[in-house]
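Take the given structure of chain A and dock chain P to it, following the hints.
Chains as they are written, first to last, in my numbering: chain A, 1 to 227; chain P, 228 to 378.
For the record, the hints were derived by calculation from the structure and aren't laboratory data.
Be careful, since some hints might not be right.
[To be verified] Taking beta-carbon pairs under 7 Å as the criterion, some of the chain P residues facing chain A (in silico):
| id | residue |
| --- | --- |
| 1 | A254 |
| 2 | I256 |
| 3 | V260 |
| 4 | I268 |
| 5 | G310 |
| 6 | L312 |
| 7 | S331 |
| 8 | E371 |
| 9 | T373 |
| 10 | V375 |
| 11 | L378 |
[Stated by the list, open to error] Away from chain A, derived, C-beta distances all over 12 Å, residues of chain P:
| id | residue |
| --- | --- |
| 12 | R232 |
| 13 | T236 |
| 14 | T293 |
| 15 | L302 |
| 16 | S307 |
| 17 | E311 |
| 18 | W337 |
| 19 | G343 |
| 20 | S347 |
| 21 | A348 |
| 22 | Q369 |
Ideal Cβ placement from N, Cα and C applies to all residues, glycine included.
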Amino acid sequence: MKAALYGLVLAVLVGWGQAAAKIAVSPVLHEEARVQAGQRFAVTCHHRGEEPLEVEASLALFDQDAWGKAVFLDDQDSVARAEQLLSVHPRRFWLEPGAKEVVQVEVVQDSFEHLYAVLFLKPVQSSLQTRLAVLFLLSTGSGEAALDVASWAHRGEALTLQVENSGGSHGLWAGELLLFDGDGRLGDTMQVRSGVVLPGRSRGLEVSLPSWVEKVEIRPLQFGGGP
Amino acid sequence: MARNRAVLTYLTLVLMLLAASTAQAAAVITMQVEILAGFSIACEEDNLAFGTLSPEQTVQKELELTVWSNVPWDLYAAFSGTGELPGVLEVQDHRGVWLDVGRSSKVVLWGQPETGRDGSALTIPVRFTSSYSDAPGTYEFQIEFTVVPSL
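Looking at chain A on its own, in the form it has when it is part of the complex (with noise of 0.2 Å):
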């Protein structure tokens, strides 16, 4: 009796009623160096779904943990340096079923060396609440990352990489690892990448090698460069 007055009904966990919202972005990563005040940059959001809908657009800052996952800075501190810099329009708008806007994210101010912001687009009226983000990597300078490997590790069957970038943009690292048996013979190569890594991070990569392997020794193909 006691347990039936505590009782606690969880009804919903998502919105009742509403038809399932359904738009669909493109693209999806904005990557520019030498970004000047004035320069816009176009999303498009198409509305997939069967019921009119609106869409509210949103600016935040975007960090990289230590695995290079984006990590959303989504403070007011953040919020208001990407409103600063960037402005959005439309803010909010209806889509009609199958039709299309563009959003327009102009540069404000230039007044940054890198900014690493992103966009989300949020249908208001979900079922479930649902974003899309599109990432902004943009640079005004000419600076260039330096990305090496700063430590590995072979461990059995796994090679752990953590590449660390000093430079002065994002870029990836991209490798060849060497791979050499029991007899120290070369058996085989095998390419990684370490996908974007912005300045003054690093990220960890986790190789699965094959049961042979004794040895793997590490060439660098590039350094730099965009994703």
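What follows is chain P alone, placed relative to chain A:
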């Protein structure tokens, strides 16, 4: 006479070959298109009811989502709401680890490959654990899923 006929035949053959090659060249049209990186997400379910719970009881449900993307992508989950989330809301990532999404956005799936035309159908386990801190009543809250291009 015979020589003239041979020359005429030769010239006719050359002309026919030229005409054939011209016709073939004229039929080839170079087309160009740029396909942009794009993605989309959908969930057909309107709601997910956890039902009636006693304090410190855990209930698990599954959410069905579909993602379409022509580039590698990640999926994030977060509690979405202005108020305080009752209890603990967790989402299971693709390693099987339960992530508390009540405090901050968590990466549920990462480094997912391009989905192709049909999209990638996802089953996301979600669980809720009530506590004695939650007053009896009916609670409604939302969880938000974000698709992000993999860096």
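A quick look at each hint next to the structure:
no.	hint	in the structure
1	A254	33 Å, violated
2	I256	26 Å, violated
3	V260	13 Å, violated
4	I268	5 Å, holds
5	G310	13 Å, violated
6	L312	11 Å, violated
7	S331	9 Å, violated
8	E371	4 Å, holds
9	T373	4 Å, holds
10	V375	4 Å, holds
11	L378	4 Å, holds
12	R232	65 Å, holds
13	T236	59 Å, holds
14	T293	9 Å, violated
15	L302	10 Å, violated
16	S307	5 Å, violated
17	E311	14 Å, holds
18	W337	6 Å, violated
19	G343	15 Å, holds
20	S347	14 Å, holds
21	A348	14 Å, holds
22	Q369	5 Å, violated
Of the numbered hints listed earlier, those contradicted by the structure are 1, 2, 3, 5, 6, 7, 14, 15, 16, 18, 22.
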